[in-house]
Amino acid sequence: MTETNKKEVIICRCEDVSEVEIKQAIEEGFTTINAIKKRLRTGMGLCQGRTCQKLVARIIAQETGKSMEEILLPTTRPPVRPIIMGAFEGEDQ
Amino acid sequence: MNKVELAVIGAGPAGLAAAIEAAQLGVKVVVFDENAQPGGQLFKQIHKFFGSREHRAGTRGFRIGQELLAQTEELGVKVNLGSTVFGLDKRNLWVLKEGKTEVYQADAVIVAAGASENALAFPGSTLPGVMTAGAAQTFINLHRVLPGKKVLMVGSGNVGLIVSYQLMQAGAEVVGLVEAAPSIGGYGVHAAKIKRAGVPLFLGHTIAEAIGEHQVESAVLTKLNESFQPIPGSEITLEVDTICIAVGLTPMMELARMAGAELKYVPKLGGHVPVNNDNMETSITGMFVAGDVCGVEEASSAMEEGRLAGVTAAEYLKHIAGKAAADRKALIREQLSAIRNGTFGNKEHLKDKVKEENTLGLRFSGTPSKDELDSCPGVPSEGRLAKGPVAVIECVQEIPCNPCEQVCPKGAIKVGKPITSLPQLTENACNGCASCVTACPGLAIVTVDRTYDENKALVTFPYEYLPLPETGATVHAVNRQGERICYGQVVKVRNNKKADGTVAISLAVPEEYAMEVRSMAKGGTK
Amino acid sequence: MNILDHPILGEVEAAKRKVTLFVNGRSIEAYEGQPIAAALMAVGIKSFRQTARKQQDRGIFCGIGRCTDCMMTVNGEPNVRTCVTSVAEGMVVETQIGLGSWREIPHE
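Chains as they are written, first to last, in my numbering: chain E, 1474 to 1566; chain Y, 41 to 566; chain B, 322 to 429.
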């Protein structure tokens, strides 16, 4: 590990997105969970944001002054768990 | 398309209790759970539960799980394991099982999906060795593997306190417990157990960093000021190989939301929860909720909510009606409100108290203060102590619990109603038999015999670690803070089957330490 | 380290069957029914995969199949959640780099 990234805080464990990157995105105007997701892929990894969503929301709240209630709750779409795509076809995997 | 009368999503304490209740009323129930094993988190809970004796208090969580499973089997409830419900639309469930999608149409649905653990981000928080407290608990109690030798726990809610204790029971050393708030979040009796084992509590601290090349090698803590900002120069480095995160849970409301249930944001309950009434009905007709999914609480209340949802669903499905249904629900509601009473039932009230009070006492140190003990109705008088063996019930927080009352053969302990009342000792009725010592789920009772010997007192305390000492051995006796204050000689080791692993150890200690010695150092033979 | 004896849960059954699996070429023993992650934890292996973007180590985090941090390549199949997948005799387990690649797609 180099000295510069030693203090780096990873928020999205799947996609390796750091707190600094999220703060930059918020500064650029991406101020919702979905906007940040499209910009940085937070929550688009295999866990589908189950782990980092609340952490991302807290950073948005800190940076924008919005309430957690307002920030949380992006649309939940199926599947709510990582599943193999073939399952939708009923294929045997 | 498969048709079912009642679909229950989640085979944890809430889901199983709901399924049992509904099945008892004649409903055909099918339960779905994504895990390979049923029981939710119950089978990882190896501690004795609080609550009332009639509702299995004093029984270890995993045994309650076994009982619930036996009941579902008896009633013919079908439990589909390895079945992930990944879509819900009012009555239709999309279920993934063994790589295939099945669609079920249900007349009624109970969502009992539980909650998931919150993460915490800090430098190094992704290093192998940093894991949720629930993960550590899963590995030690289900898979029987120790995640590490030296553990740091982050968070002082019941999960953090209980998992710390269980890590020590499994053979790990807990080098510290960190809590950002100035007071302990969970039950004081849970904190007292780890304090007696000598675990340092770092209240008003946070974890600043986890350090290590490929895995955790150490942790840096920092003190926080009153506005929760780190105080420079206050860093403490602890050598650890494992860091456990226990910073709360978030209800898994995704399925309820997907189905269109109205939600409400309640921080105290863990986040957004499906709006529900005291029948556990959601905004969608025929859809009910129970357990952590509608607000994070304890397993005991999850089971009661499950039962309530089970009756309501049965009523909706026309298996019970009118007064019979109302009476049944009223009884469960009474039980539910009883366990929600007391110190921990009203969190707002608690917060105010933390601000104004001093920093003494169980909530601030993991050790009851002299004032708390002096005013505790379970602690006998000096006069009674001088007369011979007697129970000393160091229960100073109003938590919903009464096994001590039920187990006392002399009727010397009274909790009464509500069950959050502190146990009251009728000191002259007590003969110091120590039945309560191993029955108390909080391990908060000892017996003391100041007449044991001319200059020795006999202290009998509960003990749940290995190895057990031999009779006659000399061990390090410890006080409530876990400090080794004197030597004690093991006079008796009682491992009663009924106590289910809680062993009563009687130590002869110098008379002046009779009211100080409360346990022995783990493996602390001289 | 396996917890062989426990004050509440008792001793691990002596009769419990053991299986052998191969982790990055090293052979290790595990109890039948144990998840892969538990078997690795028992012998002190903590790093399970490396991330795609920053090549960081990841290991067990949630332990119940939700966070996907413990994914490895198992019998040639990448992205297997080792905390909820049981060991099997002769299983080949490999550290996963990034999202991994399918070496050998197991078709019946």
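None of these hints come from the bench; they were simulated from the model.
Here the structure is a predicted model, which is why all the values come from computation and not from measurement.
There could be a bad hint or two in this list.
Example chain E residues on the side facing chain B (calculated, C-beta under 10 Å, incomplete) [to be verified]:
no. : residue
1   : E1481
2   : I1483
3   : R1486
4   : S1491
5   : V1493
6   : K1496
7   : Q1497
8   : I1499
9   : E1500
10  : Q1521
Restricting the straight-line Cα-Cα distance to at most 25 Å, the calculated cross-link-like pairs of lysine to any residue (SDA-like) are [unchecked claim]:
no. : chain 1 : residue 1 : chain 2 : residue 2
11  : E       : K1539     : Y       : G127
12  : B       : K339      : B       : E353
13  : E       : K1539     : Y       : N158
Just so you know, even glycine gets a beta-carbon here, dropped at the ideal spot from N, CA and C.
Which numbered hints are broken by the structure, listed smallest first? Violated: hints 5, 6, 7, 8, 9 and 11.
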